[in-house]
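Asks: Chain residues, written in single-letter form:
There are 2 protein chains.
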Amino acid sequence: MRKGILMNTEIIAVGSELLLGQIVNTNAQFISCSLSDLGINVYYHTVVGDNRNRFMEALKIASKRADLIITTGGLGPTMDDLTKETIVDFLGLKLTLHEPSAQAIREYFKKRGRTLTENNLKQAMFPEEAIVLPNKHGTAPGAIIEKDDKIYIMLPGPPYELQPMFINYVMPYLAERENQRIFSAVLRIYGIGESAVEEAIKDLLLNQTVTTIAPLASYGEVTLRLTVKCRRDQDPLEFIKPVEDEIRRRLGTAVYGIDDQSLEMVVAKLLEEKGMTLAIAESCTGGLIGNMLTDVPGISKNFLEGAVTYSNEAKIKRLGVRPETLERYGAVSRETAREMAMGIVDTTGADIGLAVTGIAGPGGGTAQKPVGLVYIAIAMNGNAEVEEFRFIGGRKRIKNSTAKQALDMLRRKLLMTFYA
Amino acid sequence: MRKGILMNTEIIAVGSELLLGQIVNTNAQFISCSLSDLGINVYYHTVVGDNRNRFMEALKIASKRADLIITTGGLGPTMDDLTKETIVDFLGLKLTLHEPSAQAIREYFKKRGRTLTENNLKQAMFPEEAIVLPNKHGTAPGAIIEKDDKIYIMLPGPPYELQPMFINYVMPYLAERENQRIFSAVLRIYGIGESAVEEAIKDLLLNQTVTTIAPLASYGEVTLRLTVKCRRDQDPLEFIKPVEDEIRRRLGTAVYGIDDQSLEMVVAKLLEEKGMTLAIAESCTGGLIGNMLTDVPGISKNFLEGAVTYSNEAKIKRLGVRPETLERYGAVSRETAREMAMGIVDTTGADIGLAVTGIAGPGGGTAQKPVGLVYIAIAMNGNAEVEEFRFIGGRKRIKNSTAKQALDMLRRKLLMTFYA
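As given, the protein sequences belong to chains Y and V, one line each in that order.
Following the numbering used here, the numbering of the first sequence begins with 1 at its first residue and continues without gaps.
Following the numbering used here, the numbering of the second sequence begins with 1 at its first residue and continues without gaps.
Calculated directly from the structure, the hints in this document are not laboratory data.
One or more hints might be untrue.
Put simply, identical chains are the same to the list, so a pair is met inside one copy or across any two.
Here are the simulated BS3-like cross-link-like pairs (lysine-lysine), alpha carbons at most 27 Å apart as the crow flies [what the hints assert, rightly or not]:
hint, residue 1, residue 2
1, Lys-369, Lys-396
2, Lys-269, Lys-150
3, Lys-60, Lys-122
4, Lys-274, Lys-301
Model, not experiment: these values are computed from the prediction.
Next up, chain Y with everything else stripped away, as it sits in the complex:
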């Protein structure tokens, strides 16, 4: 096919284990990511079992709606590995022994002291028209076949075989034909819902420019994906930056991060920038907040200590919560949250104390204090702010919402804090 023409891609994964749900199709994700970096569109993913007829049907459909057809899996030595044979029949080609591949396979077995069985050489059979792609991590080579203005690329199923083959051989092959690129940036938003976000930037969504905007919501977070497609000699940021700036101007501090930044990463960064230390008192989250924060390397400089005070005794003994407070207002209350936050600061000497107490359920809820009721307190400079929340969902989801909300409160607090 002609160079510099934008290709439309279909990725076909062959393997019954995918249709049985035994494994996830991570190959499709890896290939899609890589292709989007090259500015190559992916229009369809298809998964089909180890069944010759259904795979043949899928090939017919793909060859009608795509220019580039990439298959993964089914290149093994066993009888139900039929990807190569089926594609070759579909294209009306013939298989012959590819001597370099046969040699490589013999080597591979010799190295491991395993004896070569006949069917292993099945993996060395290719049509003469094919560009054969060596497999340094397994016995199944891949192949590229160009026919009738279409490109067919066959890759092995195991990710540790597919990924190096794709990076070392397929990417260079494709890059050379493409003169375009796609660039994406993801804005991460917390604290306002998807529809509210969309209201705020409705006009931008309606009049999309070369930079497209796609909202996505999950677990109380909203992300906006900004994507621009341009020539390789252009700088995509030139198109994305103005749109990003306008969105940030409208949504303000609700935009907490970009691309793969998590709330905990942003909080850790702020703590480091402001040179402040943190201690956490967790009840209903049971250690989740500490766990999230300590996923960030180097946090030990700023995170002094966490107390998972599940029982009342622990709240009293560890944090100095007053028994009268627990008695009068209960463990899940504004007052207890405040004393927990003040207490963790007193006992650790941290600059900031974060405390959460709530009812994660499924049991323990009442009419006045339903499952999902959560209080989050932040103590600093001798006083504490407490906020009440009502989260929904199962136990894990409530713990998760609580942890994220607590990290976001901390983030907003730190943004407004100038440490002397």
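Position chain V against the provided structure of chain Y, taking the given hints into account.
Replies: Quick look at chain V alone, frame taken from chain Y:
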């Protein structure tokens, strides 16, 4: 369509983020797993972007080659959510407001004190022919539509919305039409590797009966999936039980649980059975162990308290670790782990103290104490046992391996404990 006929299924995921490789299609895996438990075939997975024409094309193809078409995603309130609208057009139906759904959506927003925007009610529009599936975890209801001998099922994209909806409404709906069933039981194994497991049950793997055995390894755990396909009037356990018993006889306590039981669930159950209380001192895991345990409902009766003693000061002040010990052996040492475990018991009065200290990396490793070195201690009846481990992988993986290993040590200890 007629009942008792084995259905062929196609799962269509709608979402450009999948084609850009930003997320993996785990919904297809979840649905495929569940359907195989019902004995329903899945022949194709398809992924298509938020594009009306291409989705319409995918629908045409699917309706030709499948009896049951399940879509995921594209039910949100935003403009690029077009799954429902497209299917309804494809089937030549009309959308009208579904009052119960509208009501649920209003409630949902009230609960959160968020203001309902116009586009949210878009999610309450359904054809009269549809069976509407309530969404307890989000605002987008799902739907089942039967037309021309085909079944169309629309589900929301977020897994925490899709999964309960599928389990609570779709599974019962489908089970009722199927006369075949596949039943699976998963044996969960910790502490021995995949090849050792396969060695121990080699003969069973070679001579599989009506009950098939499929080993799967991931992150230090091994699972054996026992599957039997039988008529609905047969009891699958009759076939599975003997095989399960034989495997348990051979692997002993290495089999820690079955199906979805996690290590933390098993530990929680043992604590309750033995009526023992637990306190945890975590360093490198930063609260992960407490978080895992507190995912189990009702754990508060047996889990008294956790201390995330990240800094040396905390280890000294909270747990009474002796400064000399830290100086002489270091924070990551057999001795420190022991004193942490003894200390958390002393300060909490718990029956058992669990303590972990290690180097999660990426920094902080030395030749003598490399990243991944971990000490786990269990204190009981006045003395503590300590074990040393060397885990590999990145920071999160090391934290995870440590937490699982600690829970498994605790499990084995509890199995041998008879509390007076």
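Asks: State for each hint whether it applies.
Replies: Structure-based check of each hint:
1. Proximity of Lys-369 to Lys-396 under the C-alpha cut-off of 27 Å is restricted to the intra-copy arrangement: shortest distance 18 Å within a copy versus 35 Å between copies.
2. Taking identical chains as interchangeable, the C-alpha atoms of Lys-269 and Lys-150 are never at most 27 Å apart, the minima being 45 Å within one chain and 53 Å between chains.
3. Proximity of Lys-60 and Lys-122 under a CA criterion of 27 Å is satisfied intra-copy only: 24 Å inside one chain copy versus 37 Å between copies.
4. For a Cα distance limit of 27 Å, the shortest separation of Lys-274 from Lys-301 inside one copy, 12 Å, qualifies, whereas the shortest one across copies, 40 Å, does not.
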